[in-house]
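Q: Going by the numbering used here, 163 is the number at position 163 of the sequence shown; the sequence numbering is gapless.
Read the hints as simulated data drawn from the structure, not as lab findings. Check the hints yourself; a few may be wrong.
To be verified - Simulated crosslink set (DMTMM-like; lysine to aspartate or glutamate; CA at most 20 Å straight-line):
{"hint": "1", "residue 1": "Lys46", "residue 2": "Glu26"}
{"hint": "2", "residue 1": "Lys162", "residue 2": "Glu26"}
{"hint": "3", "residue 1": "Lys46", "residue 2": "Glu165"}
{"hint": "4", "residue 1": "Lys166", "residue 2": "Asp2"}
{"hint": "5", "residue 1": "Lys166", "residue 2": "Glu26"}
{"hint": "6", "residue 1": "Lys168", "residue 2": "Glu26"}
{"hint": "7", "residue 1": "Lys30", "residue 2": "Glu20"}
{"hint": "8", "residue 1": "Lys162", "residue 2": "Asp49"}
{"hint": "9", "residue 1": "Lys168", "residue 2": "Asp49"}
{"hint": "10", "residue 1": "Lys30", "residue 2": "Asp49"}
{"hint": "11", "residue 1": "Lys30", "residue 2": "Glu165"}
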Amino acid sequence: MDIHVLILTFLIIFMLHNLEEIITIERWFKNTYPRLRGRIPVLVQKVIDNFSNITAAQFAVAVLMISLVASLLLIITVTTQYYFLFLGLNMLFALNIFTHPIQAILLRCYTPGVWTTLLLILPYNIIFFYHFYIEGLLTINMILSGLVVMVLCMPFVFLGHKIAEKWK
């Protein structure tokens, strides 16, 4: 499979996953979260409570900020063939494989983003990492460089949410 097909597929899955979250986040916080709040550890409640009044529009602003960074990294990847940028971005996105299903299991209910995580992100990453391995792209240097990119991208996720909070 061509790396450019993987990049294009990543974009489509990234968009669909974020759309699932945008469409469901506001309703989930209004209808589901209040009745589940007691099941959540107090420290986690404090973090989640910061998002409990988020609107779909605010969440979309956060997604936009993250999407701009992702788009820039993908453009640089395609033009320079620095595939560690794509690997790092994908590793950050792949964290959803753990976060969404764990949330759904612990809360025993649907959580925004869990369906696209299970049906799209998980299978995509199996193919992604298999392809990177077969092509010899999954080296120690590539993984370490990708981890650096992943860590450097994390502040943009938080920044996106901070900007979204201001969006009224």
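Q: Would you mind marking each hint as holding or not holding in the structure?
A: A quick look at each hint next to the structure:
Only pairs whose Cα atoms come within 20 Å are accepted, and Lys46 paired with Glu26 is accepted, the gap being roughly 18 Å. For the hint pairing Lys162 with Glu26, the CA-to-CA distance comes to about 17 Å; that is within 20 Å, so the pair holds. Pair hint Lys46 plus Glu165 holds up; C-alpha atoms about 16 Å apart against a cutoff of 20 Å. Annotation: proposed proximity of Lys166 to Asp2 is violated, straight-line Cα distance about 41 Å (limit 20 Å).
Pair hint Lys166 plus Glu26 holds up; C-alpha atoms about 16 Å apart against a cutoff of 20 Å. Restraint check for Lys168 and Glu26: the C-alpha separation of about 14 Å stays at or below 20 Å, so the hint holds. The hinted pair formed by Lys30 and Glu20 meets the criterion: a straight-line CA distance of about 16 Å does not exceed 20 Å. Between Lys162 and Asp49 the CA atoms are separated by roughly 14 Å; this keeps the pair inside 20 Å, and the hint holds.
Restraint check for Lys168 and Asp49: the C-alpha separation of about 18 Å stays at or below 20 Å, so the hint holds. In summary, the hint linking Lys30 to Asp49 is supported, as the alpha carbons are separated by about 12 Å, within the 20 Å threshold. Restraint check for Lys30 and Glu165: satisfied, since their Cα atoms lie roughly 17 Å apart, inside the 20 Å limit.
The structure fails hint 4 only (numbered hints given earlier).
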